[in-house]
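Undergrad: Turn these sequences into a full structure, and let the hints guide you.
Numbering (our numbering), first residue to last: 1 to 154.
Simulated from the structure, these hints should not be mistaken for lab results. Be aware that a few hints might be false.
No farther apart than 27 Å at their CA atoms in a straight line, the calculated lysine-lysine pairs in the DSSO-like style are these [what the hints assert, rightly or not]: (1) K31 to K15; (2) K27 to K44; (3) K27 to K99; (4) K115 to K31; (5) K27 to K115; (6) K148 to K99; (7) K31 to K44; (8) K27 to K15; (9) K99 to K115; (10) K31 to K99; (11) K151 to K115; (12) K148 to K115.
Fair warning: this is a prediction, and the values are worked out from it, not measured in the lab.
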Amino acid sequence: MLLFNSITDVINYLKTNLDDTDITLNKGASKNQIEAVENAYNIKLPDDIRQFYEFADGFISEEDQFRIIDLNEIITDRRDGNELHFAEYLTYCDMWGLKVEPDDHNRYSITYPYKGDIILTNSFTEFLRRFLTGGVFETGGLYDWRDKIIKLQN
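TA: Below you can see the structure in the form of structure tokens.
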């Protein structure tokens, strides 16, 4: 399993190993694009997520048809009111959401819709590590991780 201590580690991994993945990165987002999302959702993006979007305004993985959604699409394709969906699989078959605490933009949860929302993590680095380790379906990937969390809650 890949080990990352920060979003900077994830970014450096992608810079170094992109050719070994099936990921296509989008060009980094501008300050105006980031502010447009923040204004649309009336939040301030967490610093680590902002740093990632400055590096790449989302990406797509060919094998799993998994995406970190670009900021313009996050604004134009709102689905559930104020929940910000930042990742999706198979043309919105599944989505992962971001809930930011109003009093501290660096306190947030990454959620998955299951009988309401389950909290997967409070770390974008961890979320990306899970995807980069096991994609959507493999051991250590997003669904395996989700299933383990659901099992612990039941």
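Undergrad: All hints, please: hold or fail.
TA: Here is how each hint holds up against the structure:
Simply put, K31 and K15 have alpha-carbon atoms about 21 Å apart, close enough for the 27 Å limit, and the pair holds. Restraint check for K27 and K44: satisfied, since their Cα atoms lie roughly 21 Å apart, inside the 27 Å limit. The hinted pair formed by K27 and K99 meets the criterion: a straight-line CA distance of about 25 Å does not exceed 27 Å. Taking the CA atoms of K115 and K31, the gap is near 36 Å; set against the 27 Å cutoff, the hint is violated.
Between K27 and K115, the direct Cα distance comes to roughly 35 Å. Violation of the 27 Å bound is thereby established for this hinted pair. Our distance criterion of 27 Å between C-alpha atoms is met by K148 and K99, whose separation comes to about 21 Å. For the hint pairing K31 with K44, the CA-to-CA distance comes to about 12 Å; that is within 27 Å, so the pair holds. In summary, the hint linking K27 to K15 is supported, as the alpha carbons are separated by about 13 Å, within the 27 Å threshold.
With a C-alpha separation of about 17 Å, the suggested pairing of K99 with K115 holds against the 27 Å cut-off. With a C-alpha separation of about 21 Å, the suggested pairing of K31 with K99 holds against the 27 Å cut-off. With a C-alpha separation of about 13 Å, the suggested pair K151 and K115 falls inside the 27 Å cut-off, and the hint holds. Distance restraint check for K148 and K115: the Cα-Cα separation of roughly 15 Å lies within the 27 Å cut-off, and the hinted pair is therefore satisfied.
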